[in-house]
Each structure stands twice: as structure tokens, then as C-alpha cells.
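Start from the sequences and build out the full structure, keeping to the hints where you can.
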Amino acid sequence: MAVTLPRPTLGSARRDLRARPVRTRRARWTARVVLLVISLAFLAPLYWMVASALKSDTELAAFPPTLWPHELHWENFSAAVQSMPFFTFFRNTVVVTALSVVFAVASNFVVAYGFSCLQWPGRDKVFYVVIATLFIPFPITLIPMFDLYAKLGWINTWAPLVVPSMFASAFYVFLIRQFLLQFPRDVLDAAAIDGANAWRTLWTVVFPQARPALATVAIFAAVGSWNDFMGPLLYLQDQDVQTLSIGIQAYTMTASTEDFQYNQLMAVSFLVILPLVVLFFLFQRYFIRGATVGSFK
Amino acid sequence: MFPATGRTTTDPPRLRAGVLEVRRTGPRLSPRDRRRLWTGLAFVSPWIVGVVVFVVYPVVYSFVVSLTRYSGMNSPDFVGFTNYVSAAVDPLVRTSIGNTLLYAVVAVPCSLLVALVVAIAMNQDLREVRWYRTALYIPSLVPTFALGFIFIVFVNPQFGVVNQVLRVFGAGDVNLLGDPRTIKFVIVAMAQLAAGNAALIFLAGLRAVPPTLYEAARVDGAGPVRQFLSITLPLISPVILFNLITGISSALQIFTEGYVVSAGVSDAVGGPDNGTLFYMLYVYRNAFSYASLGYASALAFLLFVVGVTLSALVYVLSKRFVNYDLDAG
Chain A
1 MAVTLPRPTL
11 GSARRDLRAR
21 PVRTRRARWT
31 ARVVLLVISL
41 AFLAPLYWMV
51 ASALKSDTEL
61 AAFPPTLWPH
71 ELHWENFSAA
81 VQSMPFFTFF
91 RNTVVVTALS
101 VVFAVASNFV
111 VAYGFSCLQW
121 PGRDKVFYVV
131 IATLFIPFPI
141 TLIPMFDLYA
151 KLGWINTWAP
161 LVVPSMFASA
171 FYVFLIRQFL
181 LQFPRDVLDA
191 AAIDGANAWR
201 TLWTVVFPQA
211 RPALATVAIF
221 AAVGSWNDFM
231 GPLLYLQDQD
241 VQTLSIGIQA
251 YTMTASTEDF
261 QYNQLMAVSF
271 LVILPLVVLF
281 FLFQRYFIRG
291 ATVGSFK
Chain B
1 MFPATGRTTT
11 DPPRLRAGVL
21 EVRRTGPRLS
31 PRDRRRLWTG
41 LAFVSPWIVG
51 VVVFVVYPVV
61 YSFVVSLTRY
71 SGMNSPDFVG
81 FTNYVSAAVD
91 PLVRTSIGNT
101 LLYAVVAVPC
111 SLLVALVVAI
121 AMNQDLREVR
131 WYRTALYIPS
141 LVPTFALGFI
151 FIVFVNPQFG
161 VVNQVLRVFG
171 AGDVNLLGDP
181 RTIKFVIVAM
191 AQLAAGNAAL
201 IFLAGLRAVP
211 PTLYEAARVD
221 GAGPVRQFLS
231 ITLPLISPVI
241 LFNLITGISS
251 ALQIFTEGYV
261 VSAGVSDAVG
271 GPDNGTLFYM
281 LYVYRNAFSY
291 ASLGYASALA
301 FLLFVVGVTL
311 SALVYVLSKR
321 FVNYDLDAG
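Protein chains in written order, with the numbering used here: chain A, 1 to 297; chain B, 1 to 329.
Check before you lean on any hint, since a few could be wrong.
Said to hold, decoys possible - Pair by pair, the computed Cβ-Cβ distance ranges are: (1) Ser71(B) with Thr66(A): 49 to 57 Å; (2) Gly178(B) with Pro85(A): 25 to 33 Å; (3) Thr30(A) with Ser230(B): 16 to 24 Å; (4) Ala150(A) with Arg226(B): 56 to 64 Å; (5) Phe260(A) with Leu92(B): 41 to 49 Å; (6) Asp179(B) with Thr88(A): 35 to 43 Å.
It should be emphasised that the hints constitute simulated quantities derived from the structure, not laboratory data. Each residue gets a CB set at the ideal place from its N, CA and C atoms; glycine is no exception.
Here is the structure:
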């Protein structure tokens, strides 16, 4: 089933990005309508979250539901934030995420470079092993790692959440490697002839070109770390080191169902999502390109 | 791996040809190859360390502990295969496997279909397509736990929008989250919002289809449906397989969805009435609520065996369908 394509260079990769042309005006409008409908369906729950966050308790329970809040209750946000140590959770999550992203990008880039830009005997066989680990179910690590971290005294620290990202993971290596394979061999050879060693070539020649792929990995790693639920659930017990996911979860469980403030829960959820959406908009230019160019053939 | 134009005169051709040919010349590597080997290994060493610590060690550990009775406090007592025998007759194991399989059977095909539709939508040649791509991807950024909160409010029996719509159709008060059968479908619906990630992989596949094929098909008079069935689907079959396998793999490991949604609506995690007790939730319950680490390890090891079997299947299938692009590019 392998499709043989002309080998892409960085230039042609950019040209590949152009989508297949839609020919007729009617087809174009059909596409527009369908796209609009799908997009609205996907954004509806998020809209509902924001709308609910701004409603009063009575309006939230009103029937039929109001599409747009009659009065904007911004105080839901401040009340929600004050009902828990939100800023502590927020700061903890930022630190854990930032460290994870930096380590993940660095380690996966170096490893992917070793699997693509360097030539060494056995390289592609070892890479088959990388592919194989892509499908190993993660739960097997749950109990052994917990036991190991407990023995190391890492419970209630961020180490179990951050340290694993220092050791490249199969999916990210795969993604960056596919991107780097398009890097022109001539340039690497030229660098070698000019006397640059592998490490120097990595930083001065390859790194500037690899930014779309690295931005993609950064976003995936940031989302993964920001959204991590099981990690903090297992390793963080004290409130002052807790991250947003478990912090808020604990809050929903302690609140009694009678007077539970759903609008406040939606307000907090919105605050949790917001930084990722901002991050996505900042890197969006690179993101879809890095995620799709040359990932598969 | 790279264009042959980069070859230098000092570089013998056999090195370029790859590993096999080097082997054929004898087991000993030339000093130059040995140096390259060590450089290469140095660069991939973080991954090697990672595999040993995060894959090899846990697998061995899990198997050893699965043969013991161990609470984490006492020293492990060797009990042989008792834990595996207990698992075979444990009714909750059966419940959790049933829940997980039901979820996988419903959610995986749904997700593939939704992701493919989203990918095709993302691939349209319109000036404003960037905005649609963003709109379709943003829900994938929403943390599962936050999505869980949103859906708890969405289908809340008193004021949830879904219930109010159902009420208009005369369905009365339905508590979708209170019923162990329907709550699973709420989780399936929830999972569809994260279609953006799989859609990106489909998008990569769609982009790799040579446009000339469509032009030729159009000349031959093939309509859009025919083009999709005869060109697009066969040519993106590798990415379908990839998404299928990763989809099954993550469906078998579903945890957070069940934990968050059930914690929001019932006292016991995995409720109501064990309706969201997915396999991983039961492993978690045994390990961290009942402190039966030996039993939990046995359960985790069984899941691992299923996962490895799936990987082997992927390997066999990939030889036929998937080109991981190891020799070209």
C-alpha cells in the first residue's frame, strides 16, 4: 500500500500544504455550509460552558434554557477562584507544564536527530523498536513507577510529573524524525565538511529549520502536562503542591450537591482552558504544518 | 535515507546502502563505523534510558509483584498464580471488561468517522479554512476533566440542556448520568470532541494523496463519492490503521473520563452501580483504594499482554498496509 511520491524537500513540503482545489462555486459553498455546521457543533459545548459560567443560579436552572445570559455575572469568576486555592494550583500547573515542555522538546529533538540526521550501523533496526513501544499500554507502568517514586521519596513533589519527559517518548520522536527526514542531506554534509561536529550541526543548522515540528511537540507536551489527571492524582497529595486538574476535582467532590455552584465550576473550567487556547493561537502558524507535513506517506 | 548526491568521495558506497550490507562484510565494524555507532547511540541515549526505566523495569516488576500478595507496606508474599485465578472468577473484573469493551466497540468507530469528517473539512481549499481548523481543533485542547465537568452540567437532570431538549420531545425527566447504561454513551459523546488529534493524522494522510490521481479520475468521469471510495480511502488506509490501533489502545486504557464523570454524580468512583467501572478504574481501585498491589499488578499485566498482542497484530498488518517510511524519504 506504499505510495511512492517524489521525495519532498522543505520547499515542496510547503507547496504540499495547499489543499486540494475545490472546483466549482457550488462545491465551495456546500463546503462552507458543512464546515460551519461542524464547527458550530464542536464549539457548542465550549460556548455553553462560557454562557453557564456567566449566568446566575436562577437563570442556570431556568426552563427553557437561555442561549445568552440576561445579566453577565462576572462575580462567578471571582467567587469560584476564591472558593479554592486556585492561584496556587495555577502556579503549580504552570511550573510543571513549563518544565515538562522544555525537557520534552530538548530530549525528543536530540533523539530524533540521532535517528534521522546521523548515519550509524543498526539505526533503522533500533528505530523499529521505538515504533513498537508506541503501542505498549501505559498502565503497566502505574504500580511499578509509583513504588519506585515512593522509594525515591518523590511523592508530593513534581519530580514524577517532570522527570519522565527528560527521556524521549516514541510518538514525539516519530513526529520530529519524519520532519527531519526532509532535511537536505547536502546541507548536513556541507556542515560536516566545514568542520561542524554532530552536536554543533544539531544546534546551528538543523534546529532553526525544525521549529515547526518542535512547536508541534511543544503544544502536544503542554496540553498533555496541563491536562494530566492520573499523574497528580497518584503522586500529589498535599494541597500546596497540587495542580489544577486534581485541585478542582477535589473541590467538586467536597461540595455538597444541594448548593453546588455549577456556574462557578464552569467559570473555573474556562480559566483552566484559556491558557492552552492562547498558546495554541500563538503557535498555530507552525502547529498544523508541523503536525501534518511528512508525518505519514 | 538521503539523496545520494550528498555522498563524498571519502565515503565508501557500502556505508550508504545501510546496515545489512555492513553486516555482510563481517561482524567487525571499521573504526569509522564504530565512531558513528557511538555518536548515534549517544544521541539516542535518552530514549534508551527511558525504555529501560519506563518499559522494561515496569514490565518485569509488574510480573514479579503479580505473583505475590503485597500491600506496599509489608514485604511481598509469594502466592504463585493465585491472583490470576482470582481475576478469572472476580465478577467485577467481568463488569469492568464488559464496560471497557462496550466503550471501545462504540467509541472507536465513532471517533474514526468523526475524525475523518473533521479532517476532510480541514482540508478544504477555502480562504477562511484556518478559522475552521482552529474551531475544530480547540475542543481537543480541553482537558478531559474539564470536559467531564461540562458534560455533567450538559446532561444535568434538573437544568441540563440535553434533558430540556428531551423534555420537549416528551421524554420526561431522564437522568442520563444516573443510569449505568446511558452514562457510558455520555462518555462516548464526550470523547468525540477530542477528534482534532486523530483528524490531524488523517489530514496528513489526505495531503499525501497525489492530486493528479483526482484529476485523472475526474477526466474519467468519476464523481466525488467514487473518488473518495476508490482513491482517498485506499490511499489513506495506513493512517486509518494507525488511528484504529491507537484508538483501540487508548479506549482500553480509558480512566479519567470514568473517574471524573462518576465522581461528579455518585459517591463511589466508577458508579453509578459500577456503570463507569472501566478496567483501569478497577486496577486503580485495587492498587490505591484496597492496597492489593499484587492483584492490581496481575490485572495490569493482563492488560499489557492484550496490548502487546495488539502491537504484534499491528506489526503483521503494517507489513501489508503501512509504510513507516524507513527506507525512503
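Hints, one by one, checked against the model:
Remark: the range hint 49 to 57 Å for Ser71(B) to Thr66(A) is upheld by a beta-carbon distance near 53 Å. Remark: the range hint 25 to 33 Å for Gly178(B) to Pro85(A) is upheld by a beta-carbon distance near 31 Å. Between Thr30(A) and Ser230(B) the beta carbons are some 21 Å apart, a value that agrees with the proposed interval 16 to 24 Å. Distance hint for Ala150(A) and Arg226(B): a CB-CB separation of about 60 Å, consistent with the stated range 56 to 64 Å.
As the Cβ distance of Phe260(A) to Leu92(B) is approximately 29 Å, the hint placing it in 41 to 49 Å is violated. Separated by about 37 Å at the C-beta atoms, Asp179(B) and Thr88(A) satisfy the suggested range of 35 to 43 Å.
When the structure is compared with the earlier hints, a violation turns up for hint 5 alone.
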